[in-house]
Amino acid sequence: MLRARFSKKKDFIATRLEKVVMKAYIEKYKNFMLAYYHLPTIVTFKVFGVLPNNPWVMGTNNSAILCLDNGKLVADYVNAGVNRDKVAQIGSYKTDCYNNKSTHVDTIGFALPQMYEHDILDWEEHIEIIEGLLSGLELMEKDIVIFLHPKMDKAHYQYLEREYRCEISNQRTDLGLKHVDLYVATFSTTVFTATAYHVPSLVIDCFEAKYDMFDQYKSIQVFTDITNLLQRADGLTKNRNKFLELKKLVSDDAKRLGNEPGEGIKKLNDLIRG
255 MLRARFSKKK
265 DFIATRLEKV
275 VMKAYIEKYK
285 NFMLAYYHLP
295 TIVTFKVFGV
305 LPNNPWVMGT
315 NNSAILCLDN
325 GKLVADYVNA
335 GVNRDKVAQI
345 GSYKTDCYNN
355 KSTHVDTIGF
365 ALPQMYEHDI
375 LDWEEHIEII
385 EGLLSGLELM
395 EKDIVIFLHP
405 KMDKAHYQYL
415 EREYRCEISN
425 QRTDLGLKHV
435 DLYVATFSTT
445 VFTATAYHVP
455 SLVIDCFEAK
465 YDMFDQYKSI
475 QVFTDITNLL
485 QRADGLTKNR
495 NKFLELKKLV
505 SDDAKRLGNE
515 PGEGIKKLND
525 LIRG
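If you count the sequence shown from 1, you need to add 254 to reach this note's numbering.
These are calculated hints, taken from the structure and not from any lab test.
All residues carry an ideal CB built from backbone N, CA and C; glycine is no exception.
Careful, some of the hints might be misleading.
30 Å max Cα-Cα, derived DSSO-like pairs, lysine-lysine [to be verified]:
id	residue 1	residue 2
1	K405	K432
2	K521	K432
3	K502	K492
4	K492	K521
5	K326	K492
6	K277	K492
7	K464	K263
8	K263	K273
9	K262	K464
10	K405	K464
11	K262	K408
12	K282	K408
Here are the computed distance ranges between Cβ atoms for each label pair [unchecked claim]:
id	residue 1	residue 2	range
13	K502	G303	48 to 58 Å
14	A334	E392	18 to 28 Å
15	V332	I422	38 to 48 Å
16	R426	G303	48 to 58 Å
17	E392	D330	11 to 21 Å
18	K284	Q412	31 to 41 Å
19	R257	L525	13 to 23 Å
20	D360	S317	11 to 21 Å
21	Y352	N495	22 to 32 Å
Using the sequences and the hints given, assemble the complete structure.
Take a look at the structure:
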């Protein structure tokens, strides 16, 4: 979050007044004091009674309970300051028991980065990344399915279907992932969903955020360079053995994400009723 704020630091540098009045919402990054919220937002949240104690860590706010997929996430959030009594391990509510058993790549899924929508990159930089990836992916002569985030206006991206031989999915990403063999995305929880479905993921780090959320998963590879990602994707589409080797790592990682796929909604329902 700090890296995202820093990329637009002119909008988030804390004023003198903010540094005094809202210390809990200011963090230092690369010698800049950055605000999570600005003072008018702080006042508004305070008036409405929804002001979190620590917005930098999900779960340290006014929520009654934080529902997490697995033990690793539980440990991470507790270590970050979340009260253990406010944490429940329920497994993923997004995934079911689906297991993609493809032995080769026919369809590539590409979840477009939301760098423009989140005001991290301007439109020119944002679309350059997207078109750069699409121009390389279409050379592999595979079906390409694009997934949009709900914040994205489909009208802005419709032209991509004409220029890059791809199709924008009308399904939610977590459902559409069942029908792809290789997934390209940014730092997104949908990568975990793909892994749970035994679909390999290649992650593009659009602005060198270097987040560590995938570090413990051997199958999830992060690239800061588009060319390197495309080379890896091309190798997986052409070399069946390489693809099967990666699929084995994905299967191992899927087990680490949770041993009861499909139970998340049931456990969430039981938790609410209880």
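Here is what the structure says about each hint:
A C-alpha spacing of about 22 Å is found between K405 and K432, which places the hinted pair at or below 30 Å, so the restraint holds. Straight-line distance between C-alpha atoms of K521 and K432 comes to about 23 Å, which keeps the hinted pair within the 30 Å bound. About 17 Å separates the Cα atoms of K502 and K492, which keeps this hinted pair within 30 Å; it holds. About 41 Å separates the Cα atoms of K492 and K521, which puts this hinted pair outside 30 Å; it is violated.
As the CA atoms of K326 and K492 are separated by approximately 35 Å, the hinted pair breaks the 30 Å bound. Restraint check: the Cα-Cα separation between K277 and K492 comes to about 54 Å, which exceeds 30 Å; the hinted pair is violated. With a C-alpha separation of about 18 Å, the suggested pair K464 and K263 falls inside the 30 Å cut-off, and the hint holds. For the given pair, K263 sits about 15 Å from K273 by alpha-carbon distance, which is consistent with the 30 Å threshold.
Under the criterion of a C-alpha separation no larger than 30 Å, the hint pairing K262 with K464 is consistent with the structure, at around 17 Å. Distance check on the hinted pair: K405 and K464 sit about 23 Å apart at the alpha-carbon level, within 30 Å; holds. Distance hint between K262 and K408 is fulfilled; the C-alpha atoms sit about 25 Å from each other, no more than 30 Å. Only pairs whose Cα atoms come within 30 Å are accepted, and K282 paired with K408 is rejected, the gap being roughly 36 Å.
The hinted range of 48 to 58 Å is satisfied by K502 and G303, whose Cβ atoms lie roughly 50 Å apart. Here the CB-CB span from A334 to E392 is close to 41 Å, at odds with the stated 18 to 28 Å. A hinted range of 38 to 48 Å holds for the C-beta pair V332 and I422, which are about 40 Å apart. Between R426 and G303 the C-beta distance comes to about 32 Å, which lies outside the given range of 48 to 58 Å.
In this structure, E392 and D330 break the distance hint of 11 to 21 Å, their C-beta atoms being roughly 38 Å apart. At roughly 38 Å, the beta carbons of K284 and Q412 sit within the given window of 31 to 41 Å. Against the hinted window of 13 to 23 Å, the Cβ-Cβ separation of R257 and L525 comes to about 33 Å, which falls outside the hint. In this structure the supplied range 11 to 21 Å is violated for D360 paired with S317, their Cβ-Cβ distance being about 41 Å.
Between Y352 and N495 the C-beta distance comes to about 24 Å, which sits within the given range of 22 to 32 Å.
The structure fails to meet hints 4, 5, 6, 12, 14, 16, 17, 19 and 20 from the earlier list, while all remaining hints are met.
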